[in-house]
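Protein sequences, first through last, are from chains X and B.
My numbering numbers the first residue of the first sequence as 1 and each following residue consecutively.
My numbering numbers the first residue of the second sequence as 1 and each following residue consecutively.
Careful: at least some of the hints might be erroneous.
[Claimed, not checked] Dumping the calculated DSSO-like pairs for lysine-lysine here, alpha-carbon to alpha-carbon at most 27 Å:
1. B:Lys55 to B:Lys71
2. B:Lys71 to B:Lys99
3. B:Lys99 to B:Lys55
4. X:Lys65 to B:Lys17
5. B:Lys17 to B:Lys63
6. X:Lys7 to B:Lys99
[Said to hold, decoys possible] Quick list of simulated restraints, FRET-style, between CB atoms:
7. X:Gln22 to B:Asp67: 35 to 45 Å
8. B:Ser29 to X:Ile63: 38 to 48 Å
9. X:Thr112 to B:Lys55: 20 to 30 Å
Treat the hints as calculated values from the structure; they're not laboratory data.
Predicted model, so just to flag it, every value in this text is computed and none were measured.
Heads up, the beta-carbon is just placed ideally off N, CA and C, and yes, glycines get one too.
Take a look at the letters that make up each chain.
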Amino acid sequence: SAVISQKPSRDICQRGTSLTIQCQVDSQVTMMFWYRQQPGQSLTLIATANQGSEATYESGFVIDKFPISRPNLTFSTLTVSNLSPEDSSIYLCSGRDRDPYEQYFGPGTRLTVT
Amino acid sequence: SQKIEQNSEALNIQEGKTATLTCNYTNYSPAYLQWYRQDPGRGPVFLLLIRENEKEKRKERLKVTFDTTLKQSLFHITASQPADSATYLCALDIYQGGKLIFGQGTELSVKP
Chain X
1 SAVISQKPSR DICQRGTSLT IQCQVDSQVT MMFWYRQQPG QSLTLIATAN
51 QGSEATYESG FVIDKFPISR PNLTFSTLTV SNLSPEDSSI YLCSGRDRDP
101 YEQYFGPGTR LTVT
Chain B
1 SQKIEQNSEA LNIQEGKTAT LTCNYTNYSP AYLQWYRQDP GRGPVFLLLI
51 RENEKEKRKE RLKVTFDTTL KQSLFHITAS QPADSATYLC ALDIYQGGKL
101 IFGQGTELSV KP
C-alpha cells in the first residue's frame, strides 16, 4: 500500500486569490488523481495528473481554474485559482498502481474561501 | 442518465448484528466495483474490490457481492462493532484506468 500526505491540511483564503495543494506519495504510483468533496457530498474526480505532461480534466473542470503538475511519480500539485466561496471544499489526492487496483487517498485539504 | 445510488438513509444497527449496505447503478458497465470507508475529516480508505466476473469477495468480517445483471452490489459487515461506524462509499471503475465514480455514501452507526 501507499501512504499519501497532503499540505496544507486546511486553509482559509480570500476571494480572488489562489491556493496550491501539495501531494506526496511514499512510493511510486502509476496514476495520481485529484478529487473534490463538497460539504456533505461524495467525491468528484477533477483530473488525472499525468507525469511530465498536461493533466486530463473531467467534464466541468478546466486547466485555467485547476492547474495541476506532476513532475515525477511521487509528487503532484493542484492549484485552485481565482477563488470564490463556491470553491470551499475538501480536495483529495489519490494514487493507484496498475495492479492491484485499489486507490490510496490522502487526508484531504479543507479549503474555506471568504 | 448514469447514476450510482447507495442507501439514502443512515443505517443504525445494534452491535453484533450484520450491516448490509446497498449500491445500485444504472447505465454503467463497470469493470470493477470498490468499497471504501471514510471517517469524518479523513480521506477514504480502501476496503474491497470485486471484478465484474466475480460474484462474491470476502475479507475478515467483510463480504461484497456483485450482480451485474441487477446492477447492484451489497456490502456486508458481520458481527458489527461500534468501531465500524463510518460512512461507506461504493465506487465504480468504468474505464479500467483508475477513474472512480463514487456513490454518495451510506452513514453507518453501530450502537453498543
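Inset, instruction - For Ser29 (chain B) and Ile63 (chain X), compare the CB-CB distance with the range 38 to 48 Å and indicate the outcome. - result: violated, 29 Å
Inset, instruction - Compare the distance between the alpha carbons of Lys71 (chain B) and Lys99 (chain B) with 27 Å, and conclude whether the hinted pair is satisfied. - result: holds, 19 Å
Legend entry - Given pair status - Lys55 (chain B), Lys99 (chain B), alpha carbons within 27 Å: The hint holds at about 22 Å.
Legend entry - Distance restraint hint 35 to 45 Å, applied to the beta-carbon atoms of Gln22 (chain X) and Asp67 (chain B): holds, 41 Å
Legend entry - Consistency of beta-carbon spacing, Lys55 (chain B) to Thr112 (chain X), with hint 20 to 30 Å: violated, 45 Å
Inset, instruction - Given the hint that Lys65 (chain X) pairs with Lys17 (chain B), test it: the Cα-Cα distance must not exceed 27 Å. - result: Judged against 27 Å, a Cα distance of about 47 Å means the pair is violated.
Inset, instruction - Given the hint that Lys55 (chain B) pairs with Lys71 (chain B), test it: the Cα-Cα distance must not exceed 27 Å. - result: holds, 12 Å
Inset, instruction - Take the C-alpha atoms of Lys7 (chain X) and Lys99 (chain B), compute the straight-line distance between them, and say whether it is at most 27 Å. - result: holds, 23 Å
Inset, instruction - Please work out if Lys17 (chain B) and Lys63 (chain B) have their alpha carbons no farther apart than 27 Å. - result: holds, 14 Å
In this structure, the hints that do not hold are numbers 4, 8, 9, in rising order.
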